[in-house]
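4 protein chains.
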Amino acid sequence: MKLWLFGIYGIVGTTAIAGNKAIEKGISEKTGLVSELPDFEGLANFSPLSFDEIGGHDIRNIESNLYEELFKHWEENQHFDYRILKQLKEDLEKIKAKKGTALNCGEGVLEELKPIESLENENLSLEEIVDKLEKDLLEFKDEETVAINVASTEPTIEYDENIHGNIENFEKAIKENKKEKFTASMLYAYVCLKNKIPYANFTPSIGSNIQALKQLAEENNVPHAGNDGKTGETLVKTTLAPMFAYRNLKVLGWMGYNILGDLDGKVLAHKENKESKIVSKDKVIGKILGYYPYTITEINFFPSLKDNKTAFDFIHYEGFLGTKMKFYFTWDAIDAIVAAPLVIDIARFLNFAKKKGQKGVIKELAFFFKSPMETDIYNTHTQYQMLVEWFNKLKNEG
Amino acid sequence: MKLWLFGIYGIVGTTAIAGNKAIEKGISEKTGLVSELPDFEGLANFSPLSFDEIGGHDIRNIESNLYEELFKHWEENQHFDYRILKQLKEDLEKIKAKKGTALNCGEGVLEELKPIESLENENLSLEEIVDKLEKDLLEFKDEETVAINVASTEPTIEYDENIHGNIENFEKAIKENKKEKFTASMLYAYVCLKNKIPYANFTPSIGSNIQALKQLAEENNVPHAGNDGKTGETLVKTTLAPMFAYRNLKVLGWMGYNILGDLDGKVLAHKENKESKIVSKDKVIGKILGYYPYTITEINFFPSLKDNKTAFDFIHYEGFLGTKMKFYFTWDAIDAIVAAPLVIDIARFLNFAKKKGQKGVIKELAFFFKSPMETDIYNTHTQYQMLVEWFNKLKNEG
Amino acid sequence: MKLWLFGIYGIVGTTAIAGNKAIEKGISEKTGLVSELPDFEGLANFSPLSFDEIGGHDIRNIESNLYEELFKHWEENQHFDYRILKQLKEDLEKIKAKKGTALNCGEGVLEELKPIESLENENLSLEEIVDKLEKDLLEFKDEETVAINVASTEPTIEYDENIHGNIENFEKAIKENKKEKFTASMLYAYVCLKNKIPYANFTPSIGSNIQALKQLAEENNVPHAGNDGKTGETLVKTTLAPMFAYRNLKVLGWMGYNILGDLDGKVLAHKENKESKIVSKDKVIGKILGYYPYTITEINFFPSLKDNKTAFDFIHYEGFLGTKMKFYFTWDAIDAIVAAPLVIDIARFLNFAKKKGQKGVIKELAFFFKSPMETDIYNTHTQYQMLVEWFNKLKNEG
Amino acid sequence: MKLWLFGIYGIVGTTAIAGNKAIEKGISEKTGLVSELPDFEGLANFSPLSFDEIGGHDIRNIESNLYEELFKHWEENQHFDYRILKQLKEDLEKIKAKKGTALNCGEGVLEELKPIESLENENLSLEEIVDKLEKDLLEFKDEETVAINVASTEPTIEYDENIHGNIENFEKAIKENKKEKFTASMLYAYVCLKNKIPYANFTPSIGSNIQALKQLAEENNVPHAGNDGKTGETLVKTTLAPMFAYRNLKVLGWMGYNILGDLDGKVLAHKENKESKIVSKDKVIGKILGYYPYTITEINFFPSLKDNKTAFDFIHYEGFLGTKMKFYFTWDAIDAIVAAPLVIDIARFLNFAKKKGQKGVIKELAFFFKSPMETDIYNTHTQYQMLVEWFNKLKNEG
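Residue numbers (my numbering), protein chains in the order written: chain A, 1 to 398; chain B, 1 to 398; chain C, 1 to 398; chain D, 1 to 398.
Be a bit skeptical, because a hint or two may be false.
Said to hold, decoys possible - Computed list of lysine-lysine pairs in BS3-like fashion (alpha-carbon distance at most 25 Å, straight line):
(1) 326/B to 72/D
(2) 287/D to 30/C
(3) 86/D to 324/C
(4) 326/A to 72/C
(5) 324/C to 266/A
(6) 72/B to 72/A
(7) 72/D to 25/D
(8) 326/A to 326/D
(9) 326/C to 266/D
(10) 99/B to 194/B
(11) 326/C to 178/D
(12) 194/C to 363/C
Claimed, not checked - Far from chain D, by Cβ distances over 12 Å, these chain A residues were calculated:
(13) 50
(14) 64
(15) 81
(16) 195
(17) 282
(18) 291
(19) 294
(20) 363
(21) 386
FYI, nobody ran anything at the bench for these hints, they're computed from the structure. C-beta: ideal position from N, C-alpha, C; glycine also.
Isolated chain A, as found in the complex (with noise of 0.2 Å):
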């Protein structure tokens, strides 16, 4: 199978492939790849670890090549061995990324990227965006291709039902070349869906979650799943959150207080790029306790951590007799390397999805996303059971 990223020199980005390499090259073990659990037995039948190609979209650095971005995050963050580094540089000098789009992703993005390469700075319009998309993606792809967004963060953009309500008037805004209706983001999606590429977004920015692209990917029988995936603070919180169910003891407050340095925490500096994250990071304590607790959820830019994202948590509660209790956590853990594993496990998924004739939003892909598409599951324990029981019983359909 194929791999496509939108925002494929970015550190998450990068860092997946170079740990696939590096597992490929057998220079690395399989930690971090829930794909390669004894659960998932019998997945690779499907869906091999390595990828046959790899390409992406990029908005930057457009003549440069995936070693040498690499090398620009790894020499920032030296985030994993040097040793594994220096023996990649030949794989990944040979992927390089096609110019892709910016479009309204905002002042973070613009600014923190400069120079910024895209299409729509080429004067092309809506139309002509999308035709050189689906271009670079129609040489690219085989039968067995999956592309995933690991661009940053877009700000929200106010939902238009007579244009994102369905795929037909969907279709007439790009020809009608109402820039202002679109993202980068739903643009990715759009041409995956068009051409039968399962597409994933592991970001909070809009992608496929809108029903003009959910109609498409169930006319054209493609499978699509998201949003934003759930790597760090998050994770925990949806894993740790049903203990406090499960016992009835009541929580009065928590608070989840994150910094981060890398260009994530820079373009979410942005008011307008770190509404979406909040809101995925937030809501999922009262969907899982099934009633809403006073919640502080902050993201904030701390220079000097670089990728190296750190939250800290409390969690008050009562329980017998009202007495007053306290928990607390502290995350500390590199971005790149919790986020990386799963672009290629999501990828694996769907891929295995679409050949067993999955179509539309999977939602049982739930377990990889802060925000997931369809389903009310956030719990993380529950939604590891529902992606074993999807897996097994797909795989002894047929």
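Got chain A; can you put chains B, C and D on it based on the hints?
Same frame as chain A, but now just chains B, C and D:
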């Protein structure tokens, strides 16, 4: 139904009864009671939340009453709202302990609780002790009586197949007064199971966890459960460790450092009493992960904390590309407050089990224990589901 | 000596008085009182620990008494042993507040404390308000009276050189009823300094911290001090930051995240009231280090904590060879408990200062304040030494 | 000046030299060096930051060189930027250790560092060992040579007044080959002090801390210092404990739990080696507070952390009105990184001391040690001031 507690004057026993009465009087909520969750709707038809009568054995202050003993704990800890306490006096003064046994309970217990007032101090033979305990229980019990051991942790006792291996030899050894082969918790469990009183062991002591007593429970159609209430750090561990497993993150080491200052802490400061506790807490990680990482599991006395048990956990784990990351949590809770409601829950579920014709070890109660008998399921989530499913199945039967 | 508190019915005021009386009655120890350390032996000869009389202004529940107000705070927080509380009733019932002013105290105060009973609500002019406050103080004061402002944080007010720049213009503006140029704390400070009553500002409000009032203090030979009691997180910061300085470790970033749920928290949730607090907390790091690293200093409302103020700090620093390292601390304290004894300390030291002929800002009291006036010494250790030296020097004088 | 290190191939020794060279080459900043603070301006005139030559003893890999040994530590820990490492190769390859002694260094050292290549393994007598060590040093030294012991912690050795009590008996016992009365660190210290080389003991081993060697230092006009570099948790403790003292807050208990996974950790896992370390870390709290609260001071091996020493501290304290409150801190640092610059600092200050005619224990260097000799000043701030004052006084002398 009626409730009998071994170690009734301890902080867990007195707090459980205080909470139970407070809820009955409408002056406290049901927070902390698993058995009152919507998932267990209908349980009250079999096992009501209010007990018809409460009694128990203890080995100190036999002339006292439950309110007086609770008040001592309360002055030390002020562990719940004084406005609730004030209203419980009249009800709790009526409850008085019978004299129990501290047989082979270890130096820790003897020293910290002195002066001990126990049956073996009256120069009774083993058989006489058993007779006396039995007499107390027979006077108290009705058809719906459950007994729970909330006494302090005993030292481990060497398993002797010739005595502990079957009920006939067990009873013979009692007649032969082989005191060195028995501990208080074994005698308590024996008297209960012999008289068809469901028994649960809320401590890591041996209780009913020997072949002889398991045989007796089967023969007499009595359900029993244990061991060691899963109240704090271990609850978190068994909730959180699955997250690392699901995400294929490799735990390199798990440090759990517990401090507490109550009687439990004093007793555990005695080496022989500590051992069974540590083993009980330590193995859960490996059981869940499927491999045994380096672990530190320690309990230490910290006098000023009193019953405010605090645990510091550090998890060092490896992710994608071999990168090491860190997770920390601090559990700061009042031990009696998290333990007490479970005593009531377990009693209710055991009574339900008996009414539904269940006998022997009820392994579906694993959710409540650090070292559940006859199961290898330590994952809190799986345990909870198992409990819910078991309850629903039985509820709908006959 | 006598003590007058502005905002006497708040939790800090009531707790300070409760503790003072408890020590007097021999039912509590002197823990928390700086002025009772061996380093300040002899202070009691000038400023005894027991006050001859205690009074104050407040803007709510004027018909109430100190015990009733304390009891409300206590029921909310149970912030000290109930056995102490019970014995204070008779003494504290005798203390009653006079009606004060909430002039320009901001929406936060007005909303959270309503119904407000304040002088400006009686349609009094500025001059009449001042006269009324002065009358209360003159009735109360003796030669050894000190007044301390423990009322809620006011919004910052724009400095107007024409009015705040000298005492003549200040008094003229009162006469001209220019209410928009004054806040409650300025009026309180004015009335004190005018009548030779030493004044300390335990809040970040403006208080005596303007040129006009400093001039008045000098002219009237009155000592004063402020601002903003250094009670919690800032105390730790200013104790710990020197360690990084002494060891030439480079602080890359310092995150301080504070949550609290009491009135102070509610008031600070109002943006205008919050601002002066943040500034007061934030600058200390740079003052100590000599450079200004990246900092996050936030205060947020967390209702269930009530007065149990909690702070989460993370320090990212660089060591030898440029390697980054981490330090975390959590401050979990009862705000009133750490603040209350300082009120007594400051009063005693100010009275001592007056007796020793000190006038104007007593910058040697910097140890007690987040934003000490007229000094750049923020290092807690240096401040403590400065206090000891100042005391010893004066003690031995004349 | 020249620097000689005992245990030069360890991670502290190699890192100290790496950092020193990196600064010399302009590829790293002076962060972490106390001796480079503005408070010590002028020190470089006496003790330059660059050393003319560096040498040392070790007991392993004698055929290796410093770069090779550093590189092994670096591959394990990647404890500083790989870009710096690369540029140090040529310089560091030139430095080679001489064979030293591991006399009575305990099972821990012998086992963890095997194969040991030490002088006593060559069947040399005590006198021959001393002669060999002396020969190495005499070949190396100039007038400005300082030696520092950075070898692993030895077990404590029983003090024998007849041998350790004066230099004459000490030398006699060497001649008599009473090996059981000596440890490596004592021999190293002896050889230095005998030859007027200032010696510092960066470990908790005995070093020069016996009467005989103190006498020798006085007689030979050599300065010396120790013991046990104050690098991590103890540094924080001695910075923070004064805060509780200044504020008259009563420390009820202080838990310090340290984990580390490097050689130091392995050695300390051996009981006999651990003891001297614990004592060194534990007593500081009481020395600062003036009373001895309940303390837990533990060090445990945690292999995956390697040199990333982590400490978890919990302080339980009592405030006004007897209310208990909590403070937590976590120290997460690279041990070698915090230790290494102090080695350079101490060397420079000792050389300065010698040039200024100081002899015997330089107690003003207490700032650098967990167990400073001949002083009871443990407060970090007071120690720092003492150092600054001492430096300024001497600098301006003669």
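Of the numbered hints stated previously, which ones are contradicted by the structure, given in increasing order?
Going through the list in order, the structure violates hints 6, 11 and 15 and respects the others.
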